[in-house]
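Given the structure of chain A, go ahead and fit chain D onto it with the hints provided.
Chain by chain, the residues:
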Amino acid sequence: EAGVTQSPTHLIKTRGQQVTLRCSPISGHTSVYWYQQALGLGLQFLLWYDEGEERNRGNFPPRFSGRQFPNYSSELNVNALELEDSALYLCASSLAILAGDTGELFFGEGSRLTVL
Amino acid sequence: GESVGLHLPTLSVQEGDNSIINCAYSNSASDYFIWYKQESGKGPQFIIDIRSNMDKRQGQRVTVLLNKTVKHLSLQIAATQPGDSAVYFCAETPRNNNAGNMLTFGGGTRLMVKP
Chain A
11 EAGVTQSPTH LIKTRGQQVT LRCSPISGHT SVYWYQQALG LGLQFLLWYD
61 EGEERNRGNF PPRFSGRQFP NYSSELNVNA LELEDSALYL CASSLAILAG
111 DTGELFFGEG SRLTVL
Chain D
10 GESVGLHLPT LSVQEGDNSI INCAYSNSAS DYFIWYKQES GKGPQFIIDI
60 RSNMDKRQGQ RVTVLLNKTV KHLSLQIAAT QPGDSAVYFC AETPRNNNAG
110 NMLTFGGGTR LMVKP
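Chain order of the listed sequences is A and D. Residue numbers for the first sequence, in our numbering: 11 to 126. Residue numbers for the second sequence, in our numbering: 10 to 124.
So here's chain A without its partners, still in its complex pose (with noise of 0.2 Å):
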């Protein structure tokens, strides 16, 4: 079975251009999330999607963004590119809340984000 993927692995921007990320999540699994893990920082919880709606986000500016497509697959978008946006991009999904036995999320390897 096929794991969470993510899309692009790498890519470099520059100051103000906008950039979206892709994630595929494991098959029946309908939440998405997304982390930023600035270097040298841990990860900070982004954006919560479940059955095509945000439920949550994060403590970011309104340029972040995404959306989650019928298919549960997943877009983070972010706007007017600033450096320390510079990361790498995590996506994880789970099963719906409490469904099955654990709240595990199970994380992609990342788009790792350089802007210039």
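Treat the hints as calculated values from the structure; they're not laboratory data. No residue lacks a Cβ here, since even glycine has one placed at the ideal position from N, Cα and C. Errors might be hidden in some of the hints.
Claimed, not checked - Restraint-style ranges between C-beta atoms, simulated for each label pair: (1) Q23/D / K23/A: 38 to 48 Å; (2) P72/A / Q54/D: 29 to 39 Å; (3) Q23/D / E63/A: 49 to 59 Å; (4) R60/D / N87/A: 32 to 42 Å.
Unchecked claim - As a list, the in silico SDA-like pairs of lysine to any residue whose alpha-carbon atoms are at most 20 Å apart: (5) K51/D / S17/A; (6) K51/D / P18/A; (7) K51/D / Q54/A; (8) K51/D / T124/A; (9) K51/D / A12/A; (10) K23/A / N87/A; (11) K51/D / R32/A; (12) K51/D / G50/A; (13) K51/D / R122/A; (14) K51/D / D95/A; (15) K51/D / E119/A; (16) K51/D / F116/A; (17) K80/D / N36/D.
Claimed, not checked - Just so you have them, the derived chain D footprint on chain A, three or more residues with Cβ under 8 Å: (18) 41 to 53; (19) 117 to 123.
Chain D in isolation, oriented as in the chain A frame:
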């Protein structure tokens, strides 16, 4: 490979010794706790979890201890091996309708195993 974090606390142990990684959490409403391992250039991988109604859980070579009184979590790795070298994160969640399975992560500890 890429570095996950350059300024993380580091625990250095000899191969074959036991490792203990500690974590303090902040949310007294947290109901579920997980330890993740992140190798360089990769996404976090699940190691072991524990619910708030337990204080200890054992897996293969790993044990998680939970002390809710002082909001402390620890991960014990027995007979540490070079393949255990990675950054370890604790994570917590209240697992309610507002948070879903959203995890709040600790800052991470880098484990280095010396051969």
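Exercise for the section: Would you pick out the hints that fail for this structure and give their numbers low to high? Expected result: none
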